[in-house]
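K.L.:
Based on the sequences and whatever the hints tell you, model everything.
Protein sequence lines correspond, in order, to chains A and B.
Quick note: the numbering used here has the first sequence finishing at residue 114, numbered continuously throughout.
Quick note: the numbering used here has the second sequence finishing at residue 114, numbered continuously throughout.
Hints listed in this document are in silico derivations from the structure and should not be mistaken for laboratory results.
From a predicted model like this one, the values you see are computed outputs, not experimental measurements.
Glycine residues also receive a C-beta, built at the ideal position from the N, C-alpha and C atoms.
Some hints here could point you the wrong way.
To be verified - Covered stretches of chain B (chain A as the covering partner; in silico rule of three or more C-beta atoms under 8 Å from a C-beta of chain A):
| hint | segment |
| --- | --- |
| 1 | 6-16 |
| 2 | 45-53 |
| 3 | 65-77 |
| 4 | 82-94 |
Protein chains: 2
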Amino acid sequence: MSECLFCKIVARTIPAALVYEDEQVVAFDDINPQAPIHTLVIPRTHFASMAELQDADVTLLGRLMLAGNKVASLKGIADAGYRFVVNTGIHGGQSVFHLHLHVLGGRHMGWPPG
Amino acid sequence: MSECLFCKIVARTIPAALVYEDEQVVAFDDINPQAPIHTLVIPRTHFASMAELQDADVTLLGRLMLAGNKVASLKGIADAGYRFVVNTGIHGGQSVFHLHLHVLGGRHMGWPPG
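P.N.:
Okay, structure coming up:
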């Protein structure tokens, strides 16, 4: 069994309230939110980070982003606006090594982005 | 002729040093960088924002992200790590209304992401 926290959420061995799910991805709220709305979208398949993704994964990546749009709509922030963030490696500030897209909104997101 | 600044860069009617280009996307450095490396990846096709993208655009979105990986490699930040950011609408902090992926690195990106 994988020790990956997010794989356990996908497998439902750790409970999480899912915001959205389909065949490819799962979305749930960040446990340490940085904005009124802060949801993570992850692929069901394990990739340690964005750096692992290859040309063959092009559709999965597109679906990850489109699922981010769906989350924005479900959370009621589609019209006001929102930010997507993907952190890769140390300089990116990645903390969980299973690819995830942050969807943030519900406030004006500042600049620079971290 | 479009008045969109980024469409003009795609059309080469405004000069920009391209970091990367392929059939679908073009990448160039942000003129107001927020990190030592700060490059934008945009689709050649005009979309005002991420909110306009539909299921039919899934491949284009995947290519946008994969091109972000290519930019990270070309800029020499793939190993140290990097951050992708996409701003949508007012709360997202979007300033140019042609879809663009920010690729940031060369320093440790902080948290929260804006």
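K.L.:
Would you mind marking each hint as holding or not holding in the structure?
P.N.:
Evaluated hints:
no. : hint  : in the structure
1   : 6-16  : violated (count 0)
2   : 45-53 : holds (count 3)
3   : 65-77 : holds (count 6)
4   : 82-94 : holds (count 13)
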